[in-house]
Amino acid sequence: MMLPQRLHKLFTPLIQPLLAVLIGLLAGAIAISFVGEPVFETYKAMWEGAFGNFYFLTSTLARATPILLVGLGVALAFRAGVFNLGSEGQMVLGAVSAALAALCIPGPPVVKLLAAIVAGMLAGGLWALLAGWMESRFKVQLLISTLLLNYVAVLFASYLVAGPFQDKTGSAALAQTPMIDQGAWLPKLFPGMSVHMGFVIAIVCAVVLIVILKYTAPGYEVKMLGLNPFFAQYGGVNKVKLLLLSMFFSGALAGLAGSVEVLGSQYRYVDGALTAPGFAWTGMMAALLANSNPLGTVVTAILLAALETGAMGMERNTEVPLEVASVIQAVLILFISAKLTLKLVKFRRKEREVHGTV
Amino acid sequence: MELFDYSLFVSAIRMVSPILLAALGGALCARVGIFNVGLEGLILAGAFSAIVGNHFTENIFLALLTAVAVSVLVSLLFGYATIHLKSNPIVAGIAINFLMLGLTTFALRAIFDVKGAYYNKDMSGLPKVDIPFVEDIPVVGQLISGHSPLVYTAFLAAILLYVFFYRTVTGFRVLAVGKNEAAARSLGLKVTTIQYGAIIMSGVLCGLAGAQLSLGQVTMFTEGMTAGRGFIALVAMMLGQSHPIGIAGSSLLFGLMDALSIRLQGFSMPTQFTAMLPYVITIIAMFFLKDRGSDSLAGQHTSR
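As given, the protein sequences belong to chains A and B, one line each in that order. Letter 301 of the first sequence, counting from 1, is numbered 301 in this note's numbering, and no numbers are missing. Letter 295 of the second sequence, counting from 1, is numbered 295 in this note's numbering, and no numbers are missing.
It cannot be assumed that every hint is accurate.
Quick look at which bits of chain A chain B covers, simulated, 3 or more residues with Cβ under 8 Å [what the hints assert, rightly or not]:
(1) 22-35
(2) 195-204
(3) 293-306
30 Å max Cα-Cα, derived DSSO-like pairs, lysine-lysine [claimed, not checked]:
(4) B:K86 with A:K139
(5) A:K139 with A:K223
(6) A:K223 with B:K86
(7) B:K179 with A:K139
(8) A:K188 with A:K223
(9) A:K239 with A:K223
(10) B:K190 with A:K239
(11) B:K121 with B:K179
(12) B:K86 with A:K239
(13) A:K44 with B:K115
(14) B:K190 with B:K179
FYI, nobody ran anything at the bench for these hints, they're computed from the structure. Yeah, the Cβ is synthetic: ideal placement off N, Cα and C, and Gly gets one too.
Produce the entire structure from the sequences given, and follow the hints as far as they go.
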């Protein structure tokens, strides 16, 4: 009697994600057969490219690292009921600050490394806080301001590395900072493999986030604010303070994503190296797919990263272009989002009941 | 080379049209309570299918028609997701952007068997329209005459949309849906039909915007050639308060900034700050326009 109920409880939330994955793969299959390639073998090549051997597996995890951190930040903001569309700007500012801190701050390498991480998180956090402050103080919609601030941040970072902090040592004038001292690099987890300490940091962040959301008072308040802002306020939650706090940490996580990418894999800030792969948008998708559950975000971030690295492997071995991955991702999101808003609509209706007006 | 001369303004007017067309499409959606983040994807779909249509039919009109048809199809997908499946418009819009970026790049390989860009010198682009008499006026003629027909369509669309919104009954109904969906529904307005209509029209406008990109100045398609213009259009829509004339103004401003940053490259000056200006201006404007700004985003309570 108990067991089926439990199973039911465990699997019901999984039905729609699984269905969405299935539809996504179906859309991918249609695209693949459109090019005239065998579907099954192409997907096999994709799987091999993502998890085929230890090297590919670690590449997938390395790619998942920034996606996961951004996703956690977005998830935290979602939980508090705000849509942080500004992860890209927060991530890029975090990355460029981390690179500059590692270059400019004197001292032993460990100090440089720690300073870089702190600087990256601070930069991302403060940038997000700016949007939160504009929302709470001046009622400038967060959704819009975060989107706009992205461009300002990305262009400003691009100016920094194309102007005052450009690497002048190389022969070609590339828009990038000089290389960071080797001592301040985040160590690789396995020699010769691309996954680095950043992945461990990301997992730790996910665990910490779960604990905070589940077992602490502020975490409970954040969840309450997201589920029903009126009830939360009635219950004595300081809405402004909580909004600012969750925005700060949401941005700090995005900043951390940029920092570990710089310190663990590129060792310098290269203009466009973080925006071109679309880490921020993929991270957002990971959070959406997981319905803002931190543990779920770990799974979905790895899944989305695997789609991308798998597609690269597939492109090497078959005639199918790697963009199949973005088609699958997009269809997946399109079908998963249907669920997300069913919930939103539900509590919007509640909102109206509280007010008595529409 | 001068920093400001006629050619700067001429290129500004040229750059305005895709932004203006798409922003008007976005405004239509915003006015019925749907925040359309998928403009970028819709424009990209239009740009690509315009080239496909041009390649297979070798007829510029049919190419335009293809662009519009495909963009409308994509916008219907967006509409189905947001209206029927009730998914969050922002999430659906982001998905549409990803989908179109993937699909166009994919189809570029599948149809033309090239990677990166498709260019064919036999393809003819949009013709230049020389307006009789106006072209002979010294300064004005240089500015106004000799653009592609879509440039004129863009400005005409802004005026038409203004007339539609504020001078016709259907227009008022559209505005009513955006103002208060429940009230509009209780008055017996077919809210869903009106929303679909707005989304389809935004597909048409974005299709034209895409065609102007791929057939207007140069006749080619490159991967991700919209390069954020959909988002600029979104910003122009916000700054213009979803008001057609306001949008025309903000689009002109952004087009000028676009032209200016290209011009500044010739002066080896940092272009990042001119490129940043539209966004900074819009953020500052949000402080002053915030009360009216929420108007164009009615039904968008996610940030509360």
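To see whether the hints hold, each was checked on the structure:
Taking a C-beta to C-beta cut-off of 8 Å, the segment 22-35 of chain A contributes 3 residues in contact with chain B, enough for the three needed, and the coverage statement holds. Counting residues of the segment 195-204 of chain A whose C-beta lies closer than 8 Å to any C-beta of chain B gives 0; at least three are required, and the coverage claim is violated. Counting residues of the segment 293-306 of chain A whose beta carbon lies closer than 8 Å to any beta carbon of chain B gives 0, which falls below the threshold of three, so the coverage claim is violated. Between B:K86 and A:K139, the direct Cα distance comes to roughly 26 Å. Compliance with the 30 Å bound is thereby established for this hinted pair.
Restraint check for A:K139 and A:K223: satisfied, since their Cα atoms lie roughly 22 Å apart, inside the 30 Å limit. Pair hint A:K223 plus B:K86 holds up; C-alpha atoms about 23 Å apart against a cutoff of 30 Å. Straight-line distance between C-alpha atoms of B:K179 and A:K139 comes to about 19 Å, which keeps the hinted pair within the 30 Å bound. Between A:K188 and A:K223, the direct Cα distance comes to roughly 36 Å. Violation of the 30 Å bound is thereby established for this hinted pair.
Under the criterion of a C-alpha separation no larger than 30 Å, the hint pairing A:K239 with A:K223 is consistent with the structure, at around 12 Å. Of the supplied pair hints, the one linking B:K190 and A:K239 is violated, its CA atoms being roughly 38 Å apart against a limit of 30 Å. Between B:K121 and B:K179 the CA atoms are separated by roughly 49 Å; this puts the pair beyond 30 Å, and the hint is violated. A threshold of 30 Å between alpha carbons decides the hint, and for B:K86 with A:K239 the separation of about 28 Å falls inside it, so the pair holds.
With a C-alpha separation of about 24 Å, the suggested pairing of A:K44 with B:K115 holds against the 30 Å cut-off. This hinted pair checks out: B:K190 and B:K179 have alpha carbons roughly 14 Å apart, not beyond 30 Å.
When held up to the earlier numbered hints, the structure conflicts with 2, 3, 8, 10, 11 and fits the remainder.
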